[in-house]
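Visitor: Protein chains in written order, with this note's numbering: chain A, 23 to 499; chain B, 2 to 491.
Honestly, I wouldn't trust all of these hints.
[What the hints assert, rightly or not] In silico contact screen, one side only, chain B against chain A (beta carbon under 7 Å); selected entries: (1) 239; (2) 242; (3) 314; (4) 315; (5) 363; (6) 366.
These are calculated hints, taken from the structure and not from any lab test. Note that the Cβ used here is the ideal one computed from N, Cα and C, for glycine as well.
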Amino acid sequence: MDFETVMGLEVHVELSTKTKIFCSCTTEFGGDPNTHVCEICSGMPGVLPVLNEQVVEFAIRTGVATNCEITRYNKFDRKNYFYPDLPKAYQTSQLYLPICQNGHIDIEVNGVKKSIRIKEIHMEEDAGKLIHDPWDDCTLVDYNRCGVPLLEIVSEPDFSSGEEVIAYLTKLKAILQYIDVSDCKMEQGSLRADVNLSVRPVGSTELGTRTEMKNINSFKAIARAIEGERARQIEVIQEGKKVIQETRRWDDNKGASYAMRSKENAHDYRYFPEPDLVPIEISEEWIERVKNSLPELPEAKKARYIAEFGLPEYDVDIITSSKDLVKIFERACAVCENAKEVSNWIMGEVLRMASETNTLPEDITFDAANLGKLILLVKGGVVNRNTAKEVFEKMFTDNVEPEQNINEHNLKMVNDDSVVLEVVKKVIDENPNSITQWKDGNDKVEKFLMGQCMKLLKGKANPAIVTKVLLEELQKI
Amino acid sequence: MDLCQMTALELGKKIQAKEISVAEATKAALDTIEQRDSEYNCYITVCKEEALKRAEEVQKGIDEGKLTSPLAGVPAAVKDNLCVKGMNTSCASKMLDGFKPIYTSKAVQNLMDAGMVLLGKTNMDEFAMGSTSETSKFGAVKNPWDSNRVPGGSSGGSAAAVSAEEAFYTLGSDTGGSIRQPASYCGITGLKPTYGTVSRYGLIAYASSLDQIGPLGKNVEDVAEVYKAIAGHDPKDSTSVKQAAPQFTLKDNVKGLRIGIPLDFIGEGTEPDVKAKIYEAAKILEGMGATIEEFHMSELKYAIPAYYIIACAEASSNLSRYDGIKYGYCADKYDDLTDLYFQSRTQGFGTEVKRRIMIGAFVLSSGYYDAYYKKALQVKALMKKAYDNAFAKYDVLLTPTAPTTAPEIGKSLSDPLKMYLSDICTVSVNLAGLPGLVVPCGFDSQGLPIGLQLIGNAFAEETLLNTGYAFQCNTSFHKQRPNFKTGKEA
């Protein structure tokens, strides 16, 4: 029997507001444990929450950018459960009236377009962190993260493959970064995804029993978790057993998921309206203002790059999927006015260096204007392409200014025929075997001799001139 | 006259006139506490050293002309569910053993700014849950009018302290009658302001949508002055109403005031003495030019179940944070995290608190929410509408505060349902978020005080206080004092 997978996603995004959702503590990541806390976010007796309006603004922005309807009359609800990272023993969230509903994000996988429906987006507060100390065999609590504002973005069960999930997350991340509501750093936990997954026989219209996988913190891990859970569920069914509805924890190191203890599954959250907050009414004007202030979103940018610059769709897809690559692209273009060349450099050298140095696009630090300058220097014949790549590596790692670096290290392209001629003659003299081979009609030798010349010229010569002089001298033999 | 017999405003006036020093007043109050509190148990914490030090500070402020409030230098106490920085705040519960807040509640801060000398924290029902002030970890409070009787609750310590002259005024909190009913039982004056008038910031929550802080004092003038000092918008309380602090001068004129008596408040359980005194009070007000009319408010029959569902639901959530981990009581022995929660909460909370947490958890649990909590919210809306209709016809409603006078200690807790039913006259006011004022209006055949409840429309505290003031200008019930027992003599 063939099976198909049905998945839905719950994505938690930490908003990049300056202060927390219900108090004025900073949301900054890190900091010594329990230094970003006050009586409110640590849930001391008698405290009351006051809603940070920026959170509402960011939620509206996200809703508009993901084609949602904005709920005009909003309320918060309490979700009650005991856990040491939750000092009030309830999370203030939205159950009954989430701020955004019925949106969608369009994705494309292997040339097939698909619209993923967004059920709702709601505002809530983050919990603290528990740190287990193996030396003292105890668990310590850090409340710094308590009260950092979150959006939970809940999709409909519209995914049928891991690739679709990754495409959606990539797009969602790009949108959130474009509209400046979150830095979406998965490694710092500011973007976290839970996957609801079920399988069913192909052709069946009924949904199978789903499991929820939590604690997945990279795109690659998500892809592996999906594959692993899909295989596990099919095996369970083929063994004639039933999939149990439960929450499972994906252990990416072991490549397996395991069921959380049944007590952890048996929550009755006893939701009820948060009596300490008043309802929030969102006006038409507010929504309009947000709509008008949104920047160009990935979809629109992609279309414009293709139309305006004639760039390949594949390249544009990659560049526009990251706000930081877009920044590099636009800044470099502004300097050299050569979109095609900038795009080639990003797709080639920038991404190569990023991957070699394990740098995420948001952590790239070089001044993109220098990339534009470098492109102009290549075009103007000041450096050859290979030397330029070396200069770029220095730019990438140490943010050097290209022209200065070229001058300092004497990397200018050698265009002087007499210098080249001297070297060519020397190479011909020192390689009699190769010359014999060439005379016998082996053209491949030309490449070797060319390489020898460039080596002696320390790679700085204009390759066109070297080729010309070398061929001229060979003809003379 | 003994210094402690003065009203807060009489004392404040003498302090401003330099006839009495703040230190003298403070010492007198501390002496009275020393003499009487072992009998009445009004206080959980008495801050003698801090109060004497504070008295000097306040005196300096007054002498330098910085503290000009009529309450400046007047020693007072606050209920032990109001946070005061660095001072034990227990809610009369073992659960908050040793807990010292890191901040001061807004209402207390407002009074500090006006020059209050804080004597200490008053006794109460554990977490403000109760009508008798018997459920305190620190023992029952006794009624100064009869030490065998309860002072009412949950602000029993605050009411008894005023009645026993152990504080010139106090703050209490009122979720379902917790200021008004003890004021009535103790023969003093108490105000539960409109919901949202006084910031709840720093009031340890029982039921967030019903809780309100208010003053208790010897007469309406004192209560009005304290009310003016604590009311006003607080940006730290989202439910606090955006309006300026109230400013008014009391007027003793009730001519043309339309007073309604909702007959449903005077049911079968109402003692004849209580009923008689309420009608006598109505006659007095009528004699002063008010019009009196009886009417029906049949919705009242839903008030008690709705109140207990909402209050317990919110309490079950509000009290979840006491888990033995961050502060307060923690069990010595436990197996794992769940057992730590279980043991700490089982040992830390008293019976009544546990009962209400369980009721609350039940009514909110999945499958029961619609049948209980949602219905209760509908009743709340219905109650509000019933009051809206009443206030279309009347300026003030006049009712008993409780069906009976103070019961004997030890007679109430064994039958919690019966105890809940005795809240019939007060809980609907909280459901509708309205202000309620209690003034003494006489005594029953056993000499126990009876309180008259005046209910006003939202934000009509001024009308309410004027009515009470007019009543007190023409009566002397509020001037009666108990025959005090001192713990030392006994």
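Visitor: Which numbered hints are broken by the structure, listed smallest first?
Guide: 2 and 5
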